[in-house]
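J.: If you're matching them up, the sequences are chains V and B in order. Per this note's numbering, residue 1114 is the first one in the first sequence, and the count goes up by one each step. Per this note's numbering, residue 4 is the first one in the second sequence, and the count goes up by one each step.
Source of the hints: derived by calculation from the structure; they are not laboratory data.
Residues of chain B placed beyond 10 Å of chain V at every Cβ, according to the derived structure:
id, residue
1, Q41
2, D42
3, Q93
4, A142
5, L147
6, G166
7, I170
8, I186
9, G213
10, S232
11, N242
12, E244
13, D246
Between beta-carbon pairs, the in silico distance windows are:
id, chain 1, residue 1, chain 2, residue 2, range
14, B, S194, V, S1319, 17 to 23 Å
15, V, T1233, B, S192, 24 to 30 Å
16, B, L143, V, S1221, 58 to 64 Å
17, B, V122, V, V1300, 22 to 28 Å
18, V, R1219, B, E177, 55 to 61 Å
19, V, K1260, B, W248, 51 to 57 Å
20, B, F174, V, N1297, 43 to 49 Å
21, V, Q1323, B, S66, 52 to 58 Å
22, B, V122, V, E1216, 30 to 36 Å
23, B, R85, V, Q1323, 45 to 51 Å
24, B, D42, V, K1260, 28 to 34 Å
25, B, G218, V, G1280, 40 to 46 Å
26, V, A1228, B, W248, 43 to 49 Å
All C-beta atoms in this analysis are idealised placements derived from N, C-alpha and C, irrespective of residue type, glycine included.
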Amino acid sequence: MDRGLHVLLLTTLAVAAALPASVLAQVAGESSALPSQQPQVVEPAVQRRDVEPAGIDTENFEVGAFIGTISIEDFGSSLLYGARAAYHFTEDLFAEATIGSSEAGRTSYEDLSGAAELLTDSERRFTYYDLALGWNVLPGEVFLGGKRAMPSAVYVTLGAGSTNFAGDDHFTVALGAGLRVLANDWVAVHFDVRNHMFDSDLLGESKLTQNLQVNLGVTAFF
Amino acid sequence: MNRVTVRSLLACCFALLGAGHGAAALAARAPPAKVVVQDPFVDLRSGPGRGFPATFSVERSASIELLRQRTDWIKVRTEGGREGWVHRSQLERTLTPGGAPVQVAGPKPEARTEHRWEVGLATGDFGGANVVAVNGAYALTPHLHVRADVQHLLGDYSNGWLGTAGIAHIFAPEWRVSPFIGIGGGVLSISPKATLVQAEDRTDSVAYAGIGVRGFLTNRFLLAGEYRSYVVFTSRDENEEIDEWTVGFTYFF
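Turn these sequences into a full structure, and let the hints steer you where they fit.
T.: Below, the structure written as structure tokens:
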């Protein structure tokens, strides 16, 4: 009796344990069999095109040339020409590198005394480079006639660089302001004013010289 | 010379200069990509800036062509032929015809720690001489950068050039302001000014250790200040020690 009860109990337990698993398996089998019995009506025919507009032309670089005049302190005003490259970080900020070259004239002293030349010809060459941070402080539009509106910006720049003049390199701080007008999507016209300031002891005592530049330039965005 | 020629010339020049950014895209111009507007509407502005007036609106489900990008603004053309500038943030909520979200080049908030290249300009003082510096860095990890600097030194009595390479450790690149340290070495070349008594040009090796702070002004633009202590390995009996302070800005790509 005791033994028979034991067997019965074990059998019941075994059946109870096995039943849910087999039932579940059967149900699962039926449900998974269902879709395969029905024919698929619509084949998904979507072709995913990977059109990532990474191909959009990003035009944050700007390069160009300028021509103008520079007033070299004590040496009169001279023709100036140079090149300019910029990278626009945001609609407000840009970095700018410029190089420029000019030929200094004669001082009043040289003209009046008629003799002593202060500088040799090669020493009269005035070349500079300048690395600057610019800020488009007044963005806006310029209207030409009644039909054309061109995006524009008045900007200020603060830069540091070096000026080679009178046979020497001088550390130069350049403050500038300019107006940029976009003639079309990728060509800009610049009007710039810039002051190159550096220490010079050329005429005896050391002094801070102010060398003002005014120029017109054309640049292309790419 | 037509526009395409000028542009390919510019692209060639630029590729030659080694900058490469965007030059490949220029050389092989794909037809403009089309996207479908998902926002209730998208404003077209007359220029690439937040202050320009909105001159036209495109409604949801309309298709627009993407023409060009300048900083965060993209010039688009509607099916009706109207053109205008749309901000990146609005375009990122549009879809390509395949249904994928549009990826527009530009900084993401997580870019602080995910960028690779940095370029910066700086100015300062190197043992009494003025400094004009250009630097570049490559991020091996967000914390560890390989860095190179070229500095033009302009002093009262001598001028020179300093080129260095080194590594920098950024303590917390994800923070708005983070300190960093760096070590490296390089070459210092000094030329005394012509007006002084005859002194020879000299070129020496240098090593430096530096400490600095950098902070984000916008997503990709940061200001940095650094102090470096240089040891110049001179040919004389004693090595020379020079302190340098610089401030500048850095942009990352």
